[in-house]
Structures are given as C-alpha cells and as structure tokens.
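What follows is each chain in one-letter form.
Number of protein chains: 2
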Amino acid sequence: MPDPMNAPDPIDAIDDLLLDDLVKGFPGGHAPVRLGDVGKQRWNLLREDLPLPLAVLKRDVLDANGRWMARFLKATGCVIAPHGKTTMSPQLFKRQLADGAWAITVATVSQLQVCRRFGIKRILLANQLIGKQAIGEVVRELVRDPAFEFYALIDSIEGVAMLAAEAKRQGLARPVNLLLEGGIEGGRAGCRNREQALAVARAIKAEAPHLALVGVEGFEGLIRGASTAENEARVAAFLDFLAAIAADCRREGLFAPGRVILSAGGSAYYDMAAERLAAAGISEAMVVLRSGCYLTQDSTAYRKAFERVRERSPLAAGLEGGLMPALELWTYVQSRPEPGRLILSAGKRDVSYDLDLPVPLAWYRPGVGRSASPLAPGHEVVQLNDQHAHVKVPAQSPLRPGDMVALGISHPCTTFDKWQAMFLVDDAYDIVGAIRTFF
Amino acid sequence: MPDPMNAPDPIDAIDDLLLDDLVKGFPGGHAPVRLGDVGKQRWNLLREDLPLPLAVLKRDVLDANGRWMARFLKATGCVIAPHGKTTMSPQLFKRQLADGAWAITVATVSQLQVCRRFGIKRILLANQLIGKQAIGEVVRELVRDPAFEFYALIDSIEGVAMLAAEAKRQGLARPVNLLLEGGIEGGRAGCRNREQALAVARAIKAEAPHLALVGVEGFEGLIRGASTAENEARVAAFLDFLAAIAADCRREGLFAPGRVILSAGGSAYYDMAAERLAAAGISEAMVVLRSGCYLTQDSTAYRKAFERVRERSPLAAGLEGGLMPALELWTYVQSRPEPGRLILSAGKRDVSYDLDLPVPLAWYRPGVGRSASPLAPGHEVVQLNDQHAHVKVPAQSPLRPGDMVALGISHPCTTFDKWQAMFLVDDAYDIVGAIRTFF
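Here the protein sequences line up with chains A and B, keeping their order.
First residue of the first sequence: 1, per the numbering used here; consecutive thereafter.
First residue of the second sequence: 440, per the numbering used here; consecutive thereafter.
What the hints contain is simulated information worked out from the structure, not anything from laboratory work.
Hints should not be assumed to be uniformly reliable.
Only pairs whose alpha carbons sit at most 20 Å apart, straight line, appear in this in silico EDC-like list of lysine to aspartate or glutamate [unchecked claim]:
1) K571/B x D49/A
2) K743/B x E646/B
3) K392/A x E380/A
4) K132/A x D459/B
5) K831/B x D869/B
6) K304/A x D354/A
7) K571/B x D15/A
8) K132/A x D488/B
9) K392/A x E624/B
10) K831/B x E185/A
11) K205/A x E252/A
12) K132/A x D869/B
13) K571/B x E252/A
14) K479/B x D455/B
Sample of chain A residues with no beta-carbon within 12 Å of chain B, all distances over it, derived [to be verified]:
15) T76
16) A98
17) A305
Owing to the predicted nature of the structure, the values given are computational and were not obtained by experimental measurement.
Virtual Cβ for every residue (Gly too), placed ideally from N, Cα, C.
Pulled out of the complex, with its shape left as it was, chain A reads as follows (with noise of 0.2 Å):
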C-alpha cells in the first residue's frame, strides 16, 4: 500500500532535529538551531559566524550537478542508483530522486537502516547479504512493508543458501531480487568467470520462489592498468563480460521474468558502462548506473575523472554545462612558524587524505574585502595530521595567523564521513542551510 502522494516526506523531519554546539562547526555558546533554521540565522562564513574548520556545500553548485546528471542520464536512456554511502545524507538522497534518480544504492544494512527510517522505498544493497542480522533486517523489512522495493548482489553458493533460509523461516511471500556479481582476478568480489557465475545463477534459480535472479552487476571502479589506454580497455573488457554473463544467464532461462537489470558504473567510468551495456543486446535490459560522487564532485580525483569522461564520449563532452566541485573545506592559519612554512587548523579529521591531499583554493583575510581571492601558485598541502595540514608556501605568501583558507578535496566520501552536518553555502559565502549526515 503505497503512500499517497501527499504524505509528509520523513526526510522533512531532520529539518526539526536540533544543531547544537556539541556539532562541529557549530558556534559555541550559541542556542541550539533548528536544522530548517539554519538559513535564518544570517550567518556567513567570511564574517566568522562560525568556527572553523568548517566543510561547507555550494548550493548552486549541487543544483547544476543534479541537472547535468539528469541530462547525461536523458541523453543515455540510463537510470541511476546513486551510491548513498558517499554523502549518507537523505535530504540529499531527496535531492537526488527529485532529479529522477531510480534508486539509492547502500553498501551495508546499517545504511539500509538510515534510509529506510527516512522513507526511502527502493533500494540497491551493492553488497552481499551477509550475517544473521543483515539478513534478517532486510527480510523483516520485506514481510513489514510491501511497498519496500530491494535488491541485493550476490556471488557465492553460500550467499545464496543463507539467503534463502531466511526468506523461508520468515515466510516471505515475495522474492529477494538478486543481481549477480561479476568480478576481475585480484580485485574484489563477484563471480571470476562465467561457469563460477552460472553456478550461482542455478543455485539461485533453484530456490525460486524465494530468492529470483533479476539482472547482472560489477564493480569497475578498482581497474587499474599501466595507462589510462589499459585502464579503460580493462573496464570495457570487464563490462562485456557482465553481459556475457547476462546473455548466458538469459539463454538458460534463469533470470526472473520481465526486465532484466544491468548495473556498473561508479563516478568515474559511467559513460563507458552507460554505452556498453546498452550496447550489450538484451533487450529487455535496464542500466542503473550508481555514481555518488557527481553531486558533490571534487578539486582533484574526480574532477580529473570528469574530464577525462568529456574526452572519451562525445555525448557526454555536447551536453550543457558540467560538473563541478561543490564541496570546500575552510580553515584558519593557525601558526606560520616559518617563512615557507604555515600550519592550517584541520587535519585528517575533517577532510579525506585517501586519494590525494588537500588543495589550497583561495584566501580571505577577516575584514578585509568583501570576497575570498585565489591563492598564488606554490601553495601546497604537503602533510596532514590529526587536526592539522602542513602547507608549503612560497616566501612571499602574504598569509597569516588569522587569514581563512579554503581547501578543495579529493574523494567526497571520506570527506562527508568526518562531519555530523555540513552548512549550505551561497556565491557570497552566506549560510543557507544546513544538511544532517547519518554515519
């Protein structure tokens, strides 16, 4: 029985929960703020409102990258699934199924959790259900509410029969839909090759109907070649193996009746799975593509990934405007201890370190002009700490103790991590609204 259409949307409620000074970045000695306040309390970055270091969102920024999003997906005739563990933020899952998204994609049950608590009706376990109580949520999930609409991988005979104990002991009425999970040597999970793949698929078949084979999946995001060329000729190589293993499966007749779902596709390669498993001649197929990291995108790693997505598909390279970075992290000089030398007030707890540093972006000195001005070549992030960033800066650097520097990331996941909430910001650096992440 679905929701009318008119229901409150729970998400809307994390607009009551309350902002409080035991949040990072929320002003000491302040009164709590409602999180829906937070855009009324007149507060702006440059002006110091608010401690740092403070992660902040460009809004507008958020706005163009759902639009490009839903026009590379309109152009494609693809769905997406964007992976939720990237932000673990559901006023930005609500953001992006306004934009049409089909799905949200979670990596654990826990996250499975969060969204279901905030209403999320349809989603993607890009995982193995694995455990007593990770099975067991998800199928007390289906018994409960019939409009939960889910759909996990799998890749092991052992998966399979776990699974489908389960759903029996539980006596759910419907099936568990499945993806099968296709994978490389030496990368991650999913099935090696093509007879490891179809003995899952049997297995699963033969517990119908309890468990039902409904598409193919994998994971491209971890090739790595010697070039880029290798790279990318691997991911192909790995795409038309998923649909190899989807035209076997489809020829034994194992898949569940009706669409057939294919899904790969992570922030970096989603034109080439977009245009190789529409290409892959199942008819009946749907591509859910499953990116997080296009919302927010980022200063380094995926920036370089999007521009290197425009080179290789001409699609992607004519359609109207483009990614771009919507996250900033800023600080405060703490010391400059020597001439080429300064530490910033943030560290391994507030920004990724995975991928690549930090980048210095722009300056602001409080008080002095109205808007932030771009730093001089020669600013480096060189090492973080805990709580600090050491920054190589030319001799000549006019920071200071005091002066505000805003810091691109790279990786938006293990940036979101860090921060229970992160401000929305304008061009003019006022605070406009906030976001709760559930980590």
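Assemble chain B onto chain A, guided by the hints.
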C-alpha cells in the same frame, strides 16, 4: 564556585541518550535502547546479536591500561592531561579523570565545547587560539565560569595581540593562561629558536594582567630521523630545547608567579618527556604529559612504540603489567572470490588506515564453538576500500562467507572518529556497556 563533590556528573547524562538503528552497529528493527541500559540487553557479539562491522572496546583491558599509566605517573612524578581528541568520549574522559588525570587536552574549540558541555573543568588546548569564534568562546567561558581552568598554546605575536584584544573587550577579570610553544624546523607550529620564543614571551608579559605565561610546551611526536637512535636523539634535543626556553623565560622573569608547566609527550615518547623535563632544573615545574592513545593502545603502531618505551626506560619496564590493545573491529567474510583472497565487510569507513592497515587477529564461525580462534599466519589485509577490506589468505584458510574476523587496528584516533558509539565487551564478548563519541 566549584560544584559540591556530590553534584550529579553531567557526563552521566550520556547514559540517558538513546541509541537506535541510525547508529552504526545497532541492530535493525530493535527498539531504541538507553545507552546506560546497553549492558542489560544480554547481547553477545559472537552470537551475532549485532550487525557487523562493529568496533568494540575490551573493558578489562581499558581498566588495566588505565592502572598501568597511573603507576607510570606515580613512579615519575608527572601528571597527565590525556589528549581527548583521540576518543572524544566524555565517558572515557571520566574514566581517565578517575584514574587521576590532571586535565583533558583538546585540539580545537569544537572539542572544547564538547568537554565544557559535559562539565570538564580543566582543559589544555594544545593549539594557538585562532579565529573570532574560538577566541570569543574561550573568553566567554572564562568570564561565565570562575571554576573553568584553561591553558592554551601560543607561538606568535599575532596570536598574543588577538587574544589580549578579546580578553580586554570582554572585560575578563583573570589572565588567560598560556604555554609558549616550541617547534622544530620543518615541523608543525611552535617557535623555531630561543630568540623567537623570547620575543613571544615578552609580548605576553606586556599584556599582563590579561595574559599570563605559565609554561612551555612542545610536541615531539612528529620528529623523524633515519633510525630509531636518530629519532630519539632528536626528540631528546627537542625536549632540551623546551627546557632551555623555560630557563630563558625564568631568567627574564617572564613567567607569571607560581608553578611552571612543562608539557610534551604524546603516545610514543612520554617516558623521555617525563625524564628529561623533570631533569630540566626548574624546581617549580610540573611536567604534564599528553598521551591520548595509552587507554586503548593498538595492535601495530603504538604496540611497537610501547615496546620501545620499555626498552628505553627501566622505570617503565619495571612496572607491573603493560599496555595492551583494547580496540577490535569485527567484520564478516563478505566474499571469497579466489582461494587466496577474501573480502571483509569493513573498510575506510570503519577503521584507521593512515599509519598501517588493520591486522587480522582471530576468527569465529557463527554457531560453532564458544570462542574465537587465532588466525594462522599468512592472513594479511592488503587494501581497504570505503566499505571493504581485501585480504590475502593462504589457499587452505578455512574462512568462507559468513565467518567472522576480528581486526586489530593501528592508530586509535582515526578509528574512534568512525563510530558514533562503541560497545564495551568482556572476555566472552558479552556486550557490557557502550560509550558515545562526539566528533
């Protein structure tokens, strides 16, 4: 006006917070549980009562580590202001204060806000106060609560000016206590030589009675050399440099009257800090160590550091017991796609990876036997993704999807910040309690 001894401890209010299935590690579909009642749920980790991944703290090891550090402090005559940034758990701060800690150290004013909310009375901010909000908040707290005792670092004339201006603006009737920070060339914050340090010290003195120089501080933990011997020689030289700064300030009468604080000692060289600062010849000195990691230790970086402490320090080696790892991360085997490779259900979102990758410690097959077994040599975590660990295993490894694997960590700070709550376990992995973190 200090609280009466029997006033309710604000930290105990954390027991009244509810944990629910928005918190990673809480079982889906279970009613919310008051944090203080977690131990009454009769949950057991090995019985799969909680979803994995799950970070757990061994209660008895926490107790033993606290006792060991108390013995070390008693033997050396030093005090400790444990770095609260490690755990950001007021419940663990309470335990540390009960063990005799002199103060809690923090890195940022957001962390100070958490401490103040939970009633911590003596705080050492191991950074220079920078920024309108941070400086304003500390001075407001000092004005508001005469029982609040506060110390901050300082390494610049700009820092002196900004802090004095705000103390005057708010009419603060007592001085802000400052520790002059010494640093090393190429290192983090801190004056690089005695002349710089003296210039800052004189600037502080010139701002009496608004500011008071009460000690000298440095952080030796980032010092690196080509060998252990060179590291330690450089650490020793740095500690002597701090002592020399203190002697200079004393000679020139730059300290405020009374006790002088000498502070250094992170989690790797606290024995050297204790020994050398105590021997600095400043009779009115109190030596304040600041280790954050001793309470939980770890299985790699700080395990090795502690072995070295005992090699270096006959005093430490002669104490009963020793520091042991209290923190474990439990995961499932998510997939075994190749005989020599398996994937665990935990990644960068769950465990530190900045100093070393986690190490497999033990495994358990649900329902089989009553306790976990050690893992044979050859099981090695070789890569972490956001939500997965890649593990190289011997072909004859018994592990299969659904088995549980415990990982030991390296660097507690960057594991704690990935968990809103951590469960306490006894030796049988019964869940006996929980702590909240506030990052």
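Evaluated hints:
no.	hint	result
1	K571/B x D49/A	holds, 8 Å
2	K743/B x E646/B	violated, 45 Å
3	K392/A x E380/A	holds, 5 Å
4	K132/A x D459/B	holds, 18 Å
5	K831/B x D869/B	violated, 30 Å
6	K304/A x D354/A	holds, 16 Å
7	K571/B x D15/A	violated, 28 Å
8	K132/A x D488/B	holds, 8 Å
9	K392/A x E624/B	holds, 13 Å
10	K831/B x E185/A	holds, 13 Å
11	K205/A x E252/A	holds, 10 Å
12	K132/A x D869/B	holds, 17 Å
13	K571/B x E252/A	violated, 69 Å
14	K479/B x D455/B	holds, 14 Å
15	T76	holds, 26 Å
16	A98	holds, 22 Å
17	A305	holds, 16 Å
Taken one by one, the earlier hints fail for this structure at numbers 2, 5, 7, 13, listed in ascending order.
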